[in-house]
Amino acid sequence: MTTPAILLMILALLIVWGGLVVSILALRARPERDDLPPGGEDDTRDEGSVIVHDT
Amino acid sequence: MSAPTTSGNHPPREQFSGQVGFILSAIGSAVGLGNIWRFPGVAYENGGGAFLIPYVIALLTAGIPILFLDYALGHRFRGGPPTVFRRVKRWLETLGWFQVMICFVIAIYYAAIIGWALSYFVYSFDLSWGDDTAGFFTGDYLQLSDTANGGAWFTLDFVPAVLIPLVLVWLAAIVVLVAGVAKGIQRANVVFLPLLVVAFGILVVRSLFLDGAVDGLNEFFTPNWTALGDPNVWIAAYSQIFFSLSVAFGIMITYASYRKRRANLTSPGLVVAFSNSGFELLAGIGVFSALGFLAHEQGVAVGDLEGISGPILSFVTFPAVVSQMPAGPLFGALFFGSLAMAGFTSLISILQVVSASFQEKFALRRQTAALWIGVVCAVLSVVGFSTTTGLFALDTIDNWSNNIGIVASAVLMCVFIVWALRRGPELRYHVNAISTFQVGRWWYACVGVIVPAVLAYMLVERIITLVEEPYEGYDPTYLLYVGWGTLVVLVVGAIALSLPRWRRDPEDFVAWPPFPSSSATTTSKEAAR
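Same order as they appear, the protein sequences are chains A and B.
Sequential numbering from 1 applies to the first sequence in UniProt numbering.
Sequential numbering from 1 applies to the second sequence in UniProt numbering.
Honestly, I wouldn't trust all of these hints.
Stated by the list, open to error - Pair ranges (Cβ atoms, derived): (1) G303(B) with V22(A): 55 to 65 Å; (2) R33(A) with R365(B): 29 to 39 Å; (3) F209(B) with G18(A): 19 to 29 Å; (4) P231(B) with T3(A): 21 to 31 Å; (5) L7(A) with G150(B): 17 to 27 Å; (6) L13(A) with L330(B): 21 to 31 Å; (7) K183(B) with W17(A): 24 to 34 Å; (8) R28(A) with L371(B): 36 to 46 Å; (9) L7(A) with R365(B): 52 to 62 Å; (10) P326(B) with L7(A): 40 to 50 Å.
Note that these hints are calculated values from the structure, not bench results.
It should be emphasised that the depicted structure is a prediction, and the values quoted were computed from it without experimental measurement.
For glycine and all other residues, C-beta sits at the position ideal for the given N, C-alpha and C.
From just these sequences and the hints, can you work out the full model?
Structural data, given as structure tokens:
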């Protein structure tokens, strides 16, 4: 491969796959906020559970 | 304090069982046929390695911002597109149904391509296509009507080899939809997405070690810097990102509505967006390694090969590669299996938009909506696309519904939400209040200026081109009825579906978290900043 082609390939891989790795690591480090506003807890349910209202 | 969210007369909303299930399903939706057969060709034809610069800029300034817009709308207003837009503004419901109609139309032809991939998966085992892969695809397999010699543009001559896998695809899709979001869609993605990555990964790694693969990669990545001065290259980059991410026609709105309220949105969104582009890049490397091998075997330059994009790449060029590869049947099966899995996970996301919207407006049970919609789509799909003229219809409807329908939908969504109704701050507040990755003011510029400007230019340019030149040299009368007719169906369907009254009042709803008024708390103001 030519040098420009190799450089472009490495650059693209670094940005796109690097972005993927960084975004996964960031999500793993902080999957959810721990300072959410109050409320918004009334729509969780399991399949087949007693109906609670949502939309 | 528990903020009020709804009155109690609505049934519970289905949910993805967790963040991983949502992310896998959203990636499964975004990674589709276009990642495999569109990206490599588009990149190659628009500057090779240099194309990756506008591509990355488009990802950051259009793809991710509009993905966040979809997520914010769906998650805050909790529904399919008609419910969401109705809750934003009563008269905007029609835009929601326009998006549903786009999904409906796309689903009926998209399934046909998955059917083709299934057929070719089976053909791979004995390389049924022989040496003349083009002749096999259009002649032996599709039995395409010979319009150049007076053949009809529309027939009801069914082709069993196309019809049978198509029916199987619809049966599978209906089963998944009936099973629901967690037990159907999520489960299908949890199974198929890892399988897809492994199968396609094996294929790419094998391709890298074929003779001539380096020449293919050289051709793919060598930059043509002058291309960066061509506005069409930039449009191609924005177009690729836009179509590839499955944004602006309801899918991501619907999927986000199945996340619990207290759920992180933007960080999973980044994972989805980069996964989609990462898969595209992987496809580019795999496809061009394989094309390099084919050119090497044929003793020609990679640039002289034809059919490096679209269905022809998959169903004509790739079979030729497979025929010449060592252990060709195995790699053929991996390729067409990957194509079928990528397509199927996207198909179910498209259908869920239609199903969810009908469930919500007409108060249908999930099973009822899924079954009826599945059956209607399946019948239309079989009638339109399993005949000897199915390819013409598919090609034409795909062009109009994507290049006009989806692009118009995106422009209208940005203009109405950001400019006319000024809901940008509320939506940014929403994602920032619940997400770990904070969206800055730059987002307004992206969804309010860059995306609508680029897409409006693209829309006008494509309309002019379609008016001036018959698409693909097809019969103008056929294009009038099937191409422009598709647009009429989308608009009329959207208006007609907006008219019936809702069985449950969608406006009987309070969004959470409440958007701070002028007397907002400091915390809320921080989130909105």
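Hint by hint, here is what the structure shows:
no. : hint                            : in the structure
1   : G303(B) with V22(A): 55 to 65 Å : violated, 35 Å
2   : R33(A) with R365(B): 29 to 39 Å : holds, 35 Å
3   : F209(B) with G18(A): 19 to 29 Å : holds, 25 Å
4   : P231(B) with T3(A): 21 to 31 Å  : holds, 28 Å
5   : L7(A) with G150(B): 17 to 27 Å  : violated, 54 Å
6   : L13(A) with L330(B): 21 to 31 Å : holds, 27 Å
7   : K183(B) with W17(A): 24 to 34 Å : holds, 32 Å
8   : R28(A) with L371(B): 36 to 46 Å : holds, 39 Å
9   : L7(A) with R365(B): 52 to 62 Å  : holds, 57 Å
10  : P326(B) with L7(A): 40 to 50 Å  : violated, 31 Å
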